[in-house]
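Residue numbers (UniProt numbering), protein chains in the order written: chain X, 1 to 247; chain P, 1 to 565.
Keep in mind that the hints are not guaranteed to be accurate.
Stated by the list, open to error - Below, a list of computed lysine-lysine pairs in the BS3-like style, where the Cα atoms sit at most 30 Å apart: (1) X:K103 to P:K308; (2) P:K508 to X:K96; (3) P:K332 to X:K96; (4) P:K87 to X:K106; (5) X:K111 to X:K221; (6) X:K182 to P:K508; (7) P:K8 to P:K526; (8) X:K182 to P:K435; (9) X:K96 to P:K526; (10) X:K214 to P:K84; (11) X:K113 to P:K308; (12) X:K54 to X:K111; (13) X:K214 to X:K182; (14) P:K526 to P:K435; (15) P:K526 to P:K508; (16) X:K214 to P:K332; (17) P:K19 to P:K87; (18) P:K332 to X:K106; (19) X:K96 to P:K87; (20) P:K332 to X:K61; (21) P:K559 to P:K435; (22) X:K169 to X:K214; (23) X:K214 to P:K262; (24) X:K61 to P:K19; (25) X:K96 to P:K8; (26) X:K182 to P:K87; (27) X:K61 to X:K106; (28) X:K214 to P:K12; (29) P:K332 to X:K111; (30) X:K96 to X:K113; (31) X:K169 to P:K8; (32) P:K84 to X:K103; (33) X:K214 to X:K103; (34) P:K308 to X:K111; (35) X:K54 to X:K113; (36) X:K96 to P:K84.
Said to hold, decoys possible - If the Cβ cut is set under 10 Å, some of the chain X residues that face chain P in the computed set are: (37) S185; (38) I188; (39) R197; (40) V205.
Bear in mind the hints are in silico, worked out from the structure with no lab data behind them. Bear in mind the structure is a predicted one, so any value in this text is a computation, not a measurement. All C-beta atoms, glycine included, are put in the ideal place defined by N, C-alpha and C.
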Amino acid sequence: GVVPRWVERCDDAARDVEAIRTSLRGLREAHAKALLPNFDDVAGEDVVAEALTKEVTKLFKRCDVAIRSVSETGEGDGEERVRVNAQRKLAMELNKLSQDFRKQQKDYLAKLKSQQDRGPGAAGLDSYAQFSGAGAGASAGGGGESMLRMEMLNRAETVSIERDREVMKILESVQDLGAVMKDLSALIIDQGTILDRIDYNCQEVAASVEQGRKELVQAEKSQKHSVAIVCIYILLVMVIFMTFVVI
Amino acid sequence: MDLSEAHKEYVKRMLDVAKGGMKALVCDPVTVNILSVVMSQSEVLAREVFLIEQLHERPHEEMPHLKAVVFVRPTRENVRTLGKQLKQRTYGEYHVFFSNVCPEGLLQELAAEDDDELVVQVQEYYADATAVDRNTFALELGESNSALMNPGQWSRSVGMAVDRCVEGITSVLLSLKRRPFIRHQRSSEAARRLAADVARVVYEQEAGLFDFPRADGAAHLLVLDRFDDAVTPLLSQWTYQAMVHEIFGISSTNRVDLRHVKALSKELRELVLSAREDAFFAENMYANYGDLGASVKALVDEFQQQTKMSKKIESIDDMARFVESYPEFRAKSGNVSKHVALMSELSSVISQRRLMAASQVEQEVVCGTDRAGAFTQVVDALRNPQLLEEERLKLVLLFALRYENEQSQIADLTEILMQQGVSRSRIGLVRTILKHGGEAARTGDLFGNRSFLGRASKVVGSLKGVENVYTQHQPLLSSTIQSAAKGSLKNEDYPFVGPSPNGAAAAKPTELIVFIIGGICYEETKVCEQFNALKTGVTVVLGGSTVLNARAFVDDLRKLQEAGG
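Use the sequences and the hints to build the structure in full.
Structure (structure tokens):
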């Protein structure tokens, strides 16, 4: 048979989910590499990570739109429950991924921070503190040594500015995602509640089928008394009346 | 071996063999409960089940892009309905799983209806009883439960109820992959009949199916009658799960209905109390009232700590942390409010109905040795206007069971009830319970007063004093499973049907499956779980025709009485 349009939408969303999963894996690797000590000054894995973060955020947004459109292609009311459940499943998966993503970003931030405290940048700051703490006497020390210290300090500053920027970017991405997931969270069932019970949902289906049947009966009844029927009766009466008049 | 885990594994496999693509899960009124206690909606959703419905003839819109995974009992009615649905081609393909052994004739009937070859596979997955807890199952016999307790009056409904028990028990044995030695309580005709029927299936009818490779050790099936211990279902309960069942009722699918409590918010009116899904409940289900109060308080404190922390969102870092923990936070808040609501409802009912006062007298009657003292306490309690008729009647029933031979005192008590306007038929329950559950009808030593040893330990126990007056009672089942585990149950009291074990090794079971006709109580599941926790090398699985509380048991007594039993 012909595959309904909403099924295609589901497939789109499922593909996005898969793509997000792959990108997150890539992001994890990029993060791991970015945290390795970087001796040459080539902007490396953190740039890759940033690009991937952007990509993932974009995918999340696209997937969210796809999931929401599943219920918007309103065709065949009988399948509404199936559609909502399909949506639910995708929303659950996306939600899980968004948690993973946030956790990943958070872990990376934490590691960055500890590196900043204890890493090469921090070492630079420490030596600066020592330097200034030593007072005027230090300036009298060998010029070459002080030049080296100045350079280290500069480098530490650039590193820390760069890192601050990175941290802001990451926090932004987490917030962005929060906004995306806010709408979908309505679809997610709280586990351990009555709503997450098979028997409860089965009852609901039965109840809605029964409700539908009642409405159908009601519709049939009201059809009998609809304005159109009344008009037809009136016209019929008039036709008969007119025939008599003509005769 | 864990029954609910075995069932869950079955369901997963069903959904996996119909892999790929969207699925509809089609069940019947019994299997929907079997499913519900082991799988949640979100778990089946994750396996692409987008529609769950009961098998019915009413045609709904064709959904050729869905695969139907049909999990139903192998009944004639189900097979017919399924046949009709096949003709209507409701779903694209059908994967049929029967919850028990399917008779050959029904398979042929199904095949004959499948003109378009929509049925991809038919299999038997043995899950034909509701796994209420890890090692507990129930059959939800409902209305026919009382009929089962009185096999003296043979009728169609008794026959059907017995058959249902046989099916439930054999499916449990099949899912545990065990062919047991079968024994029953001598004094019960119902137990003898059921044991014989199970033996017929296991050793004759389906002998091939039960031909499992001999594992080390042996499984024993012990069939008991509720009336061997009519005391336990009548007692007030003070451990969490048992208390909730006693006061509000827990459905066989672990649901608690609080819709009558208007003060509760909408999401707290219907609750789920399942050890499988709720860690706090799993930890506290056997905790007594006092300890439970402390645990709930600790839960609230911990939660408050978290909320305070989450309210103090000052930096963007805090925010990120909160957003990240939010889903868990939300789930936790639901869980906390559930237990708080239950606890506060329990405590208000307990104080309103003076359940502690009633319980103290109940325990004195059942566990004490001072008859005169017990009698005065019961009389005082009957005159307490704050006790409901329900509680007063229970006290008289318990006194009658305990001091069966003191006819005049029992008559005095029923006289008081009569004066208080309790109906004649309700008072007649005293006679009914003695007829079915009195000394002459019993096998076990219910009050520990038959042997010298039993009497002595009782006296010693009363001298020692008790830790908690409300929870002195130990159900009879406790000593029965201990003897059975040691292989020391007397053959003349609990005879074997079919083959009996020869040699001392086989006489001691490694798995003990106990089935109680008429229903089990949560006080008994507690005893079994606590026994299992000791890891003695014997695992007890407890099953019953239903899970009783006092109200249901008294109701069954009433039906027995009306049926002239």
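Violating hint indices (sorted, rising): 2, 4, 5, 6, 8, 9, 13, 16, 19, 22, 26, 28, 31, 32, 33, 36
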